[in-house]
Every structure is written in C-alpha cells, then in structure tokens.
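K.L.:
The primary structure of each chain is shown beneath.
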Amino acid sequence: MTPLGGYLLVAALMFAIGLAGALVRRNAIMVLIGIELMLNSANLNFIAFWRYGPHPEALTGMMFAIFSIAVAAAEAAVGLGLVIAIYRHTHTTELDKINRMKG
Amino acid sequence: MTLIQEVSSFTPQTTASAITGILWLIPALPIVASGCIALMKQSRRQAAATLSISSLCVSLLLSIAAFSHVLSGWLAGNAVRESLNFTWIRFGSSAVDLGWVLDPLSAVMLVMVSLVGLLIFIYSTGYMAHDENFTRFFCFLSLFAGAMLGVVISNSILLLFMCWELVGLTSYLLIGFWYHKPSAAAAAKKAFLTTRVGDIFFLLGIVWLFAQTGTLLFYNHGAGSLEPLSLASLLTQHAALGLSAAGAIGLLIFAGAAGKSGQLPLHVWLPDAMEGPTPVSALIHAATMVAAGVYLIARVYPLMQAGALTGGVTTSLTVVTWVGASTAVFAALIAVAQNDIKRILAYSTVSQLGYMMAGLGMGGVAVGIFHLITHAFFKALLFMGAGSVIHGCHEEQDIRHMGGLKSYMPLTFATYGIGMLALCGVPIFFSGFWSKDAILESAHGWSISHAPYYMLVFGAVLTAFYMTRQVSYVFFGQWRGHGHAHESPRVMTTPLAILAFFAVTLGAIGTPAWPWFRAFLDNRASEVDLHAFAEPAWLMLLLTSCIIVIVGIGLGWALYGNKSPDPDAPDTLQAAIPHVWVVLQNKFYVDELYGVTVIAFYAWWARVADWFDRRVWGGAVAAVTWLFGLFAQFNRFFDADIVDGTFDKGCEEISTSGGLLASIQSGAVQNYLRILALAVVALVLILFWSSRP
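So the sequence lines, in the order shown, correspond to chains A and B.
Going by our numbering, the first sequence opens with residue 1, and the numbers climb by one from there.
Going by our numbering, the second sequence opens with residue 1, and the numbers climb by one from there.
Hints are supplied without guarantee of correctness; some may be wrong.
[As the list claims (entries may be wrong)] Label-pair restraints from in silico Cβ distances: (1) 672/B / 52/A: 29 to 39 Å; (2) 10/A / 686/B: 45 to 55 Å; (3) 81/A / 672/B: 15 to 25 Å; (4) 653/B / 76/A: 42 to 52 Å; (5) 52/A / 686/B: 41 to 51 Å; (6) 25/A / 691/B: 30 to 40 Å; (7) 662/B / 52/A: 23 to 33 Å; (8) 656/B / 26/A: 27 to 37 Å; (9) 76/A / 656/B: 18 to 28 Å; (10) 77/A / 686/B: 31 to 41 Å; (11) 662/B / 3/A: 22 to 32 Å; (12) 52/A / 646/B: 48 to 58 Å; (13) 97/A / 649/B: 37 to 47 Å; (14) 77/A / 646/B: 53 to 63 Å.
[Unchecked claim] Partial list, computed: chain A residues near chain B (C-beta under 8 Å): (15) 22; (16) 33; (17) 95.
I should point out that these hints are in silico values taken from the structure, not numbers from a laboratory.
Positions of the beta carbon are idealized from the N, C-alpha and C atoms, including for glycine.
The shape of chain B in the complex, shown without the other chains (with noise of 0.2 Å):
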C-alpha cells in the first residue's frame, strides 16, 4: 500500500450549498449560549444545563447533516470544498478576511467534537451536581465547544487563531474552576503561558503566511494560501538554514501547535491541567483541544507538504515526525510510575498526541486524524470512567488507595476496560488498534529512518504496561480506600457506555481492507478489499501488535495482577529498578529543569528589571522630582520674599514717610517758613556750589 499521499483533486466550488451558509451556526450556537448562561442567576442550574445542552444537541444535529452532504457529494464522485467568505476589515488595499469551510476534514472534526462534547455535557451535569458554581462551568463549556467547533470550521487562519486563542482562554478558565485550589490556580497559570510560548511562534507564522501570500484564507477559489499559487511562490522564497518559506513558516505553525497539543519540550502544562474538573479533563484535555494542534498541522498540511521531493517527505514533516515520535516514548515512560489516576491518563494523552504527530509526520493527514478521532472516544471514555471512579471514591485520586472496584462499580469497570484496551491497541475487536496500526504502519515505510518506527512500537509497548498497571490497581485485588465505594448515577454511566461502543466500533472506518475514512479524507475511491488483510506486510504488522499487547499487558498483569499492594509499600516496579524508578517518577525531573533554567532566568532577568526600575529609573525619576522640588522652593522664595517682601517694605517705606511728613504739618505757621527759609538756604547753596566752575 501506498503511503504517500496523493495530491488530492477537489474541484473548485464556485457556489456554496445552504448548509455551508448557516455552518457559522454551529459554533455560534454554543457561544451564543454560554453568552445567556453567563448573565444567569448562580441558582438557575437546571436552566443552565439545559440550555448549553440543547445548543450543543443542535450543532451536533447541523454537523451531521454537514458531515452528510460532504458524504453524499463523496458518494457522488465529486469532492466537496465549499468555502463562504468574507471580507472583515479592509484597510488600504489589503483585507482581513474570514471565512469558513466545509471539507471532509472540517466536517468529520465537527461531528466528533459536538458528539463527544454533548456526552460530556451530559455526563457534567451528573458529575459537577453538587458544584456550587455549576451555572458558570456551563457558561465555560459552552463557550470552550463554540471556540473549538470556529477552529474547526475556520478557513481563515486568523479567525482560527481567534478561537484557538479563545480555547486556550477556556482551558485557562476551567482548569483553574476550583480556583480556591492553589495548585488549580497555579495549573492554570502554567497551562496558559506555555501554550503561549507556542502561540507566540504561531502568530509569527501566521504574520509571515500573511506578508508572503497576502491572504489570510486558506482555501479561496485558488487565492488561498494553502492552493497551488501560493504555495508555488512560498516555495521560491528562502528562508534561513537552506529552509523555503513554506517549510519555516510550517515550523513556526508547528510550534503553535505543539504548544496546544503537549508536544516535547512544551508538554509540561497537560499533567498539571488535571487540576480542573474531571469532565473537563475529558474533554479539553483528552479527546478536543489538545487535538486542536493535531487538526491545525491537518489543516496546513499542503502548507507543511510543499515542495516535497520523494516520498512527501518534507523539513517540517520531518520535524514533526520526531518530536511526535519522542514525546510518544518520554510520556509513555512518565506515565508508568505515577500513582494519580487522573495523572497517568494526561501522560498517556500526550503519549497519544505524539502518535498522532508521528501520524501526521509520516503517513498524511488521514492517518493522524483517523487517531485523533478514535482517541477522543477512547480516551474521553477513559476520563470519564476515572471521573466516575474519582466519584465513586470521595474524590479519592491516588490509584494506591483504590483497588476491587470490579464489583463495586461493575458499569465503570466494564466500561473503563473497553477504553483501556482500545488504547492498548489490543487487536482487530477495539478502534485503538486499528489507527494505532495504521502510524505504525506508516511509520514502517518512512523512507528516512527506522527510528520512530521502534519509538513507536516501545511506547505501545509501555501504553499496554501502564494502563495494565492502572487497571490492576484500581479494579482488582482488595478495596484499600477509605469509606465505601458505590456506582456512579445513570446520568454518568450511560455517556460511558456510548462512548465505549464507539471506541469499539470507530475502527471498522479504517481497515486496510475497506479504508474510506482515508479515502474519504484524502478525496479518492473507496473499495472493499479483503485481501488487504491477507497482505503478509499487513501480517507481519498485526503479529507485532499482538506481541505488543501480550508483552505489554502480559507483564503488567505478572507485576500489578490481582494483588493488592499495600498502598504505603514501595511499587513493584520501583522495589525491582529503583533509579529508574525516582527519575521516572519526577517526570524526568523536566519542571526542575525549566525551573532552573527558564524559571530562574525569568526570575532573574524580573529581579533584574525591578532593580533596574526602582535603582535606575525610580532614581531618575526621584531627581528630576527633588530638582523640581528645589526649583518650587527657590520659586516660593523669590515670589514671598523677595516679590511680596520688597512690595511690602515699599508700602511700609511709604507709610513711615508718610508719617514722617505728616508730622511736619503741625500748624505753627512760623515752621512752615523756617523750613522755607532752610529750603532756600539750601537752594542758595546748591545754586552757588553749581556754579563753581
């Protein structure tokens, strides 16, 4: 089989169908909702609920007949690229424009979104029914489901970034619910200024996108930036390091995107978003937004795919291809020696979206989505029943206090096994496997190294261990909590088990023998083909998947099966390697490192600047204001002194003469001529002296 991608041939739309002009109605809906909630009393939480599910039901209901027209228009023969936009601001001879699109990719990510986020607002209204501030976690929900469905839908790379940064502003706001939690506060914080860390490369891409293409829209009757045209000349255009425009811009992209996603070095954030609320763990955290990276690297895929010579391999693909394949093994080996049950989920999410990249890396759009969407269900079907369980508990979290929960909980645990054995991969019966096997299967052929390929396969390995692991500590052995543990309400369960059918079935839209969901991503025909599955390279790759499951959960269960661990006892594993053990257990000691370096570079240059803004500044500022100062007091003293002095000693001059004379006018006439007499002696004198030669 083929694994590189073929360019695909859409026919360009020269008019839109009706539900491509009223698909602005899908994200609008929500938002619009979680705008009403937002003005709601604390206390209409029946109002509340009801509403952001009824919006999220309606935009579920329009996604489906989206995602159908785009089907039925497959069915036919023709692709559907439909695309309606227009413009938002124009200034000179340049415009903002937005707009969106409806498209295979677009149209599956809206049903998967709405489908599980309604699940999940379900499931929220049983878990975060004793929450006091129910009403403003479904103002946030509703928002966060509008935001992501408008990153979905967008074809203009600016409104994606609006709801992509509106995303990350939900994720902040809900991650820190309970904000009266330091930790949650602080969760929130570092979620938000990592992912921003990203999103500062991302809006640099976008800027560069803009400046080289001068358009925003993606798709736009052969205009766009991710059309031919474009990336033609995004091609000629080089950048540093022998890197064309297109690939550099399709770094700065990823980095965005791995910031969102939880990709290597920028990961550090998801564990810690475990903080917030369990459903919100679900469905941020697991199964939409942290797949919004994953989507975006799908949506600019011509953009990352362009001027690739042989095999579709390109500088940015490569890029993504390894650090999605580390981060897949980093956060697989984390996950292993954490004892939060929340916790070993995160890790294994980013474990997943590692895969994911690898999957977009490597074998095309197709193949990461076709992940990214089966992971949603398993892994949103994972939270939920640790959420339930977590319920179940008093909140308990630490999966050493839990344990023989399979007859307390029997729906939870029934269906928690599903969604561990979908991710484990187990084969051909569980959606997990096929996608998995589908990047492995891409990662087998990729024509520069085997090195992600064996990357992969151990993290499978480590998936199946881990999750074993937490199976057995959580469900088997003897119940090590306190208190009594009881089965979650219907009102939770019942999303679970929709959930867990289709974490079982999704797979059957991506078997070798019959591919349409590739087919149907990538534009081409689909035909079912038994004899795929008799392809000994297909063989070959099922054989290795088995192994995977049987050593992976095969040494779980010999470890973890059915003992019940004393709770305050060191690990198995960490009795067996403990150096390993400590490192592992410190997430590779990496927010020590960032808090040595990053932090502490912060902190210092902050420092740094404070000294410099009290010292420098605050001192320039304290002179100029102390010579002001001077120059007042020197002021006071010439207008009171000196101004006001010398006007009142003449008036008192003038007084006191006045006086002077006044006394002369006594009334004796005879004095009046003495002083006559006087006078004209003196006027004698002075004219006798004058005259003197």
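Excised from the complex, chain A in its bound form (with noise of 0.2 Å):
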C-alpha cells in the first residue's frame, strides 16, 4: 500500500501547482482554477490522514471531503458569478486591468 508521503506529496504539488496559477495567471477563470486545485489537493490530504489515521472506520474523513467539494462547488458558482458580473462591467477579465479593489 502506498505510504501517507505519497500523497502528501502529490496533494502539495496540486497545491503548489494551484497556487503558481492563481498567482501567476491574468485570466480570472484560470485564476478560479488554480483556486479549485488547492481546494482538491487540501481534499485530499483530508483523505489520506483520514485513511492513516487511528480511526479509518469512522467516515468522518470522507464526509469533510463531501462537504468541502459541496462548498467548493457553491464557491466557484458565486466565483463565476463575481467574474461574469465584472466582465459586464469592464468587459474584460484580466486581472491586471481590475484595480479597484483598495480602501
């Protein structure tokens, strides 16, 4: 069986790569993306210290899991929501462009 590392591993290169994207990227969509893929690399952390925990029978890993994609979900909804709403208002989506945001 794979080790706990693994995955670990794997859900901090998600992470990693979610991050880089969300920083680095002017297109809010892939922004949003980079987002969803911290979201899913935290996912599955919660499972793998859920699998090599002290309580594996308990499913009380998988239901965080559940709920954080069911959040996820409601949270890229109103993302794409916010980012159609300023497309309509600036007709545009790069980030660069959108400074209003201080005080």
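The task is to assemble the complex, starting from two chains supplied on their own in separate frames and drawing on the hints.
P.N.:
Encoded structure:
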C-alpha cells in the first residue's frame, strides 16, 4: 500500500501548481481553476490523513471531503458569477486591469 | 548751708485737680497746630504764624495756671505732685502705662519752655520773614514746642522717650532746614546720629528699669519706679562692677542725657547744629532741647541718688559731676578760639550744660535746674541777639568781619551786653551770677574732690574771657564788614528786651538770702534770711566770682578791647601762643579723632559688609541662580528634545509606516494573494522552526 508521504507529496504538488496558477495567471477564470486545484489538494489531504489516521473505520474524512467539495462547488459558482459580473462591468477578465479593489 | 538734698516729703495725691486733668492740652495744642500747618498751602504764611503763636500762647497760659496751682499748694504747705496715669496697651499681666505729672519741677519747666518758646516764635516771624519756607518752619517749630512740653510733663519714661525722640526728629528737621546747603544737611545727619548713640543707652536703661520694677511710671501712688518701694528693690539688685541696678540704670539714662545735652564725648553735634536758622539755635540748641538731658537727670534724680551713703554721693552722680565739669572746661577752651559768632555761643552752651550737669551731680535738682532756667533766658537772648547781628550784617557770621556795631544797632548791643554779663556771671545784678554761684558753692562743698570746683572756676574765667572777646570784636572798634549794617525790626528787638529783663531779674528767685526756688523744688518752706549774705563762706564765693569776672573780662578787654584788628591778620592770642591756638581752633581735633577712629571703623566695617554682601552672599545667590539656570536648561532639553522629540518621532514613524503600508494596498488582487502566500510560507516556516526539538 502506498505510504502516507506519497499522498501528501501529490497534494503538496497540486497545491503548489494551484497556487502558481492563481498567482501568475491573468485570466480570472484560470485563477479560479488554480483555486479549485488548491482546494482539491486540501481534500486529498483530508482523505489521506483519514485513511492513515487512528480511526479509519469512521467516515469522518469522507464526510469532510464531500462537504468541502460541495462548498467548493458553491464557491466556484459564486466566483464565476462574480467574474461574469465584472466582465459585464469592465469588458475584460484580465486581473491586471481590475485594480479598483482598494480602500 | 547744707548741700545735701533732703528726701522730699511729697504727700501722695489721691485726686488730681482740674488743671492736672487738662495738662495734656499744653503739649497737644502746639502739636495739633503743627499738624494743621502741615496741611496748609505754602503761601499761607500769616495763618501759619498766627496759628502756632496763638497755640503756644494758650499753652503758656495753661502752664502759668499749672504753675500757680503748684505754687499755691506749696504756699499752703502741702506739696503738689499730681499725676494722671492711664493704660495704653495691655498684654498679658503687664501693661504699658502712660501719664503726666504736675510737680514743681515740671511746672517750672513748663513755664520756661513755653515762655522762651513764645518769644522765639515771635522773633522768628521777623527773622524768617523772607524765607520761602516760612510755613514749614513754623510747622516744625510748633511740633518741637509740643514735643518738648511733652517731655516736661510726662510721668511715664516711655512717653518721655517718645517725646524725646520727637524732639530729636524736629531738631534734625530744623538743623537741616536749609537742606540745599550741604553743610546743613551734613550737620543735621551728624546731630541725629550722635544723639542716637546716647539714645541707644537710654533705651537700654528704660528696658532694664521696666524689667526690674515692672512699671514705666515715675510716680504712681507708691508703685512708680521713682518711689521708695521700687528704689529699694533696685538697690538690692547687683549689676557688674559693684554697681547696683539703680546705679547702672542711672548711668545708662545719663548716657542718653549726655547725647542730647552735648556732654563729652558726644558734644560734637551741637556746634555743627548752628547750621540751622538762628531762632532754631536759640530755641532748640540753647534754651530748651539741649536742656532736656539736664531735665531728664533731674526727673530721675531719686534714681540717681538712690543708695547714697553720706553726702548724697553715688557712683552715677559722681560720673555726672566729672563729665559735666570736664565738658564745662573743655568747651570753654574751644570757644576761646572760634571766629563764628554762633559757634562761640554753641561751645558756650556746651560748657554751660556741663555746669548744669555738675550742679546736678553735686548740688541736687534745684542747683542744676536753677542754672538751666536762667541759662535758657540769657542764652536765648544771646542767640537771638546774634541772629539780629547776623541779620543786620547781611548774613555775615564771622566776627572778624563785624565791629563797631554798638552805634549801628544800639538796642541789640544793649540787650546782648546784658546777656553777655549774665553769662559771665557778673555779681549781684545778673541772674547768671546767682545760678553759677550756687553751682560753685556746691562744688566747693563736694565731699569727694575739690578738682571740679577749680575746673568750674577756670571755666568761668574762660567764659568771661571769650564773651569779652566776642563782644569786643562784634560791637566795638570800627566796622570792617561789607555793606551797611542796620538795626533789626521791632518784632525782633522786642523779644530781646523781654528776655533781657528776665536775664536780670530771674536771679532774685535763687539768692542765698531767699532761696525760694530751691525750697520750691525741694518742697521745703522758705524764709527770707538776709544774714545769709553776711556768711563768710558766701562772701568768699562772692569775692571769687568778682575775681573771676574781673580777670576774665579784664584779660579779654586788654587783648581785644576797642581795637579794630585786621580780619586777615592773626588773632592777638594766636600771635602769643600759636601752638595752643591751633589746637583750640581745631576743637582739640575731636572731630578728626572720631574721623580716624569711629567713622573710619564704620567705613571699614561698611566696606567689609559690602564686600561680604557682594562676594559671599552675592556669590551664593549667583551660584544658586546659575544652578537653577542649569537645571532649567536641562529641563528644557528634556522637555523639548526628549519628550517632544520622542512624541514627534513616534508620530513621524507612524505616518511613514502608514504610508508604507498604504502602498501595499494597490488594488491589484493578485498582489494581495502573493502576500498571503508569502505569509503562509512564513507561518509554515515559523511553525516548522519552532516545533523543532
């Protein structure tokens, strides 16, 4: 069976990739995708720690992951809604151009 | 004749008569007049003179009433010594009592002071007629008269001292009346300071007396300080050098009297006091104020005499005698070599005051006071005559620049001549003879030593000599002055005539045949005893007096009579005995001696004090100032640089860092995210780091 470190490594890589995407991409949609990646890496960690934790028979890790996915779905919906609203307002999804979020 | 004074048997008075009740009016009237004049405008000359003369007139009438009350009491055989006392201030169990007394001594003095004062007031209206400060002059003169009358009637040594100081003040004011003259201002200061030396001792005596007897009153129905009870307790107290407290207090009081009466060694102020207007010299520095010292000794005579063993001699009276006799000779010697008409009279006054003191010391109250009274009249006469001469010679005071005035000023000459003969003591006809005779008589019988007698005889010869010299210079020979001499107005010569009358007749009250003045003061009955004139002792004395007068006047006339010496040539006597003359003319160098001793010491002491003040105290103050300055500097630095600086810096930093942080909030969302990521990385690193074992 694959050791815990493997899962954590994969999750960390996923998180790093997501973070890099969120930080460097200009398109708001791509940033949202990066954020989804980071969320899912966190879900992977939940599952991995649950499976290798002291009580694998209880379904706590699974339930957390499902909740997290649900919340992520809602969040993605909100995020996409916001992106569309911004686009309507400014006719762009380039985050460099949108710099009015201060004060 | 016995010279020892018997203890007077004054019957205690329980009720004061009406005249005693209003006795206070006598000094109060002139003082009130003086206050009113002080408020007047300078131009109200007539009103000022009228007010002061009329107030003194009323005082004189009251004095005569008081005198006649005492006289009638004496004639009826019961002695009058009425006092009226009241408490001025009460503190704790002790009280400061004031009061006045009417007895033969104060009654006689009251009449003398107010009569001589009144004549001099009248004379002043003529003498000061052209002075612009006429009003001020009468203000001071009235104040003086009031204060002097206050001295005379006071029954409390404190009240006496207050009036005494008031008299000193007016003396100062009047000597310096022409204050624009530097010499007058200096003389006033000198008089004030010199008498102050004596007054310090006087005050000490008062305090001591009060401490010992617990009362300030002289006579208080047996409880006063001069009454037997207090005197007995004073005698049991012992002061230093074998003196009883009574003797020591007596000496202290005599020091005060010596200051006021110009006795050695405090006589230096009196000749300089002649800088004042001549009526002032006559009233204050010849007739009354300088006699206050003699009067004081007479007033406290029971104290001076307390504890006398035999012959009425006590230590304090011995001191009084010796000081008086020395002063009499000393001042008479100086008077021989003076050229200022008033200065000669001033030294003569000092000398005659010495006679009075010696008379008090050896013969008792009556002898001293008799000379005081006669001297007051003839010396006031001489001074006012001198004033008349000065007035007539256009303010010339140097006798060498006068001469031949007997034909220009006949009235002045006649009256001055009478005064001069009275002062010389020409036998029988002049009052000065009788009073001086009484002093010589008591000196002759003094039990301790005969030296004072010979000193006084020598002084009398000198007196006759210098007066003859002065009169020959002024009235005989030819006129050597400038301008034209003229006789003085009637207002000035009339008082002269009145005084001349008294200078002749006053002797009648104290002749050996009918010594009622002495009897009156001592409270004994007097009877006319013409056989006294035939007593060999008295005849001897008469002979001595004749010889004194003949030698003195003869010598003076031989040297100066009817000559008209050149004002610039040396004096006849100077040519004969130049070395002695120089010493005499320079007044035995007493002023110079004081200059190099007392005054030099004070100047040195003042310099030391000044140095101490500047360097030590000034330095200390400067050091403290500097220290506080330093502290203030530090405080300023602390406040401005540290407290304010820190606060300012803090504000600046907050504002700078605020600006720095504000630049982070750029609005670029991804920047926020980057910072968040970096923060997470940092957090992870910190957690990782801190969780290491």
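K.L.:
Against each hint, give a clear statement of whether it holds in the structure.
P.N.:
Outcome of the hint check:
A beta carbon spacing of about 35 Å between residue 672/B and residue 52/A agrees with the range 29 to 39 Å that was offered as a hint. The supplied range of 45 to 55 Å is broken by residue 10/A and residue 686/B, whose beta-carbon atoms lie about 25 Å from each other. With their beta carbons about 20 Å apart, residue 81/A and residue 672/B fall inside the hinted range of 15 to 25 Å. Roughly 44 Å separates the CB atoms of residue 653/B and residue 76/A, a value that falls within the hinted 42 to 52 Å.
Restraint check, residue 52/A to residue 686/B: a C-beta distance of roughly 26 Å breaks the suggested window 41 to 51 Å. About 34 Å separates the C-beta atoms of residue 25/A and residue 691/B, a value consistent with the hinted range of 30 to 40 Å. Checked against the hint of 23 to 33 Å, the pair residue 662/B and residue 52/A fails, with Cβ atoms roughly 47 Å apart. At roughly 33 Å, the beta-carbon separation of residue 656/B and residue 26/A lies within the given 27 to 37 Å, and the hint holds.
Checking the proposed 18 to 28 Å range against residue 76/A and residue 656/B shows it is violated: the Cβ atoms sit about 42 Å from each other. Under the hint 31 to 41 Å, the C-beta atoms of residue 77/A and residue 686/B, about 35 Å apart, fit the expected range. The given range of 22 to 32 Å is broken by residue 662/B and residue 3/A, whose C-beta atoms sit roughly 48 Å from each other. Between residue 52/A and residue 646/B the CB atoms are about 57 Å apart, so this pair conforms to the stated range of 48 to 58 Å.
Taken as a hint, the range 37 to 47 Å holds for the pair residue 97/A and residue 649/B, whose Cβ atoms sit roughly 41 Å apart. The supplied range of 53 to 63 Å is met by residue 77/A and residue 646/B, whose beta-carbon atoms lie about 55 Å from each other. This hint holds: residue 22/A has a C-beta 6 Å from the nearest C-beta of chain B, less than the 8 Å allowed. Among the interface hints, the one on residue 33/A is violated; its C-beta lies about 14 Å from the nearest C-beta in chain B, farther than the 8 Å criterion.
Given the 8 Å rule on beta carbons, the hint for residue 95/A holds: about 6 Å separates it from the nearest Cβ of chain B.
In terms of the numbered hints stated before, the structure departs from hints 2, 5, 7, 9, 11, 16, listed from lowest to highest.
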